[in-house]
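Asker: Guided by the hints, dock chain D onto chain R, whose structure is given.
Single-letter residue listing:
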Amino acid sequence: MAMQKFLLTGTGGQGLILAAIMLAEAGIYAGQNVAQSQSYGPEARGGASRAEVIIGDEDIYYPKVERPDFVLTLSQEAYKKYGLHLDEEAILIVDDTQVTEVKPRSKNFYSLPITKAVRAHFGSEQSANVLALGVVASISGYLSMDNVLQSVKHRAPKGTTEQNIKALEIGWKMGLKAGENQENKHCQNEGDES
Amino acid sequence: MSNPKLMQGNEAVAEGALAAGVLFYAGYPITPSTEIAEKMAERLPLVGGSFIQMEDEIGSMAAIIGASLTGLKALTATSGPGFSLMQENLGYAVATEVPCVVVNVQRGGPSTGLPTSPAQADVMQARWGTHGDHPIIAITPSTVQECYLLTVIAFNLSEEYRIPVILLMDEVIGHLREKVVLPDQLTIVNRKGPDVPPGEYLPYENDDSMIPAMANFGDGYRYHVTGLTHNQKGLPTGNPEVTKPFMQRLTQKLNPYLDRIQMVEEVLLEDADLILIAYGCSARSAMEALHIARGRGLKVGLFRPITIWPFPQKQLEKYVGRKFLVVEMNTGQLAGEIERIFGNKAVERLNRIDGELITPKEVLEKIGGLCNV
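Taken in order, these protein sequences are the chains called R and D.
Under numbering that gives the first Met the number 0, the residue at position 115 of the first sequence is numbered 114, and the numbers go up by one with no gaps.
Under numbering that gives the first Met the number 0, the residue at position 199 of the second sequence is numbered 198, and the numbers go up by one with no gaps.
It is possible that some hints are incorrect.
Straight-line alpha carbon distances no greater than 25 Å define the calculated SDA-like cross-link-like pairs of lysine to any residue that follow [unchecked claim]:
#1 K4(D) <-> Y28(R)
#2 K4(R) <-> E355(D)
#3 K80(R) <-> G354(D)
#4 K365(D) <-> E269(D)
#5 K4(D) <-> Q149(R)
#6 K4(R) <-> Q251(D)
#7 K360(D) <-> N32(R)
#8 K365(D) <-> Y60(R)
Far from chain D by the CB rule (all over 12 Å, computed), these chain R residues [claimed, not checked]:
#9 E24
#10 Q75
#11 H84
#12 E88
#13 D95
#14 P103
#15 R104
#16 K106
#17 K115
#18 R118
#19 L148
#20 Q162
#21 K165
#22 E179
Derived by calculation from the structure, the hints in this document are not laboratory data.
Don't be surprised by glycine CBs; every beta carbon is placed ideally from N, CA and C.
Extracted from the complex, chain R is given alone in its bound form:
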């Protein structure tokens, strides 16, 4: 599998660093090497947040992501900062509520109702990070649901485990469905809620 590089971007407070930690830990459960890092400003809430994960079976020297294979953006600001200028082969996943202005991209683009699904199921935006993790992990196809589930159970904050498992399952299905649609259409697509 060589090396897979993920960027999870959005706003501080959305829980993307936790999602990245879960993704990296799933990589360890899958027997891979991982490197997980983040960059952020001094504030705990707000500001552009960027969490990075590298998963691979080789030694990881440079621990930061330069040319990501998968980019998730959960805010318009993060899209502007990290969603443009990607390699053609990179897969871009955006939330269709938070990221409304996007530059057309011929392929490898998914605008998905992540926020909408979380609100519909849980009545708040809590667990959007884990739902998004499910989407990214399933679209990437490099990790098994079992590995991701194990890390979500291990890392979910106390009292939120059940909701986060549910969120993971919804996200996983959303990702699978979107992936199928993409393969069928071979063009830009809009995945919808399962």
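Answerer: Just chain D, lined up with the frame of chain R:
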């Protein structure tokens, strides 16, 4: 060995400290080192240890010295601004020969600088931040696994040679999460106690080992501890005949043990025309660049000083006649040291001081300009 775990660098330092037998932590939280304090606050009470949040870093350093004098292994962690405040008491620990470990997770400076961004600009402060001629040990982890292992080694060196050891980290490695495998067995070194009765004990005995036995307060040995230059009993003196042997022993006490203190990693050096010298986070960029360069047929190697102070000069001198490129996140603090060994002409520099990690691409470009294909 344990199952592989995902661990953050700072977390691995705390785990390593606990594995080394630390029972005391005093500190004042500061980014990017805070996770070490958080972990110690959570864990120490569970193993019968103590965690104190101090009023500042001056107090933190004083507290760990006091704890160590009673026989406990003691730790503090900080970043640049706090490390500056620790310098006075760091010198006190050197002069009174009290083992302790000080973690400095480097961030951008000077002053408050860039709290959440990496830098490696405290290299010279680690060596000469406290005043007066003195020995010091500083070690620089480059992976999360090393954060764990080198913390254990930091305590071992500190106990064995009665000296404060600085674990000189950086924001990248401190906040990085990687796979860590905890070894089943670790070598743990504890300070050597006196083998004479209290009446005959000399806490600063000038013997051939150069490392006096250390009695712990509370064990029945009474002695005097002072930052003033002292005689073998620990009492202050201004007598040049006493001062000279004390200072000679103090400043040279690591010399017989350098082979055991100076750790380096050498990668593909045998046929290398160009030797990269890098440590901590910069070594990660250098390693990536090295492998790409080798793929292009360029004869590049890496010399990574894990022990940065005392600088492993003897190990590096083997490579006299080669060309060197020192890659570091400062304006050339270690490069100056390499130039001292090989002269200016043999040494090139790659520096970055904007809070961003040096990229492999930058290293490669520099390599390309220096290597004849």
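Asker: Now tell me if each hint is right for this structure.
Answerer: Status of each hint after checking the structure:
1. K4(D) <-> Y28(R): holds (9 Å)
2. K4(R) <-> E355(D): Roughly 19 Å between the alpha carbons, so the hint for K4(R) and E355(D) holds.
3. K80(R) <-> G354(D): holds (18 Å)
4. K365(D) <-> E269(D): Holds - the C-alpha atoms of E269(D) and K365(D) are around 21 Å apart, at most 25 Å.
5. K4(D) <-> Q149(R): holds (13 Å)
6. K4(R) <-> Q251(D): The hint is violated at about 49 Å.
7. K360(D) <-> N32(R): At roughly 22 Å apart (the allowed maximum being 25 Å), N32(R) and K360(D) satisfy the hint.
8. K365(D) <-> Y60(R): Between K365(D) and Y60(R) the Cα gap is close to 18 Å, so the pair holds against 25 Å.
9. E24: violated (4 Å)
10. Q75: holds (23 Å)
11. H84: Consistent with the label, H84(R) stays out of reach of chain D, its closest Cβ about 15 Å off (over 12 Å).
12. E88: E88(R) clear of chain D: closest Cβ-Cβ about 19 Å, beyond 12 Å.
13. D95: holds (30 Å)
14. P103: Nearest chain D Cβ is 29 Å from P103(R), so the label holds.
15. R104: The claim stands: R104(R) keeps its Cβ more than 12 Å from every Cβ of chain D (closest is about 25 Å).
16. K106: Consistent with the label, K106(R) stays out of reach of chain D, its closest Cβ about 27 Å off (over 12 Å).
17. K115: K115(R) is indeed farther than 12 Å from all Cβ atoms of chain D, at 31 Å.
18. R118: The assertion about R118(R) holds, with a minimum of 30 Å to chain D.
19. L148: Nearest chain D Cβ is 15 Å from L148(R), so the label holds.
20. Q162: holds (22 Å)
21. K165: Holds: least Cβ distance 23 Å, greater than 12 Å.
22. E179: Consistent with the label, E179(R) stays out of reach of chain D, its closest Cβ about 31 Å off (over 12 Å).
Going through the hint list in order, the structure does not satisfy hints 6 and 9.
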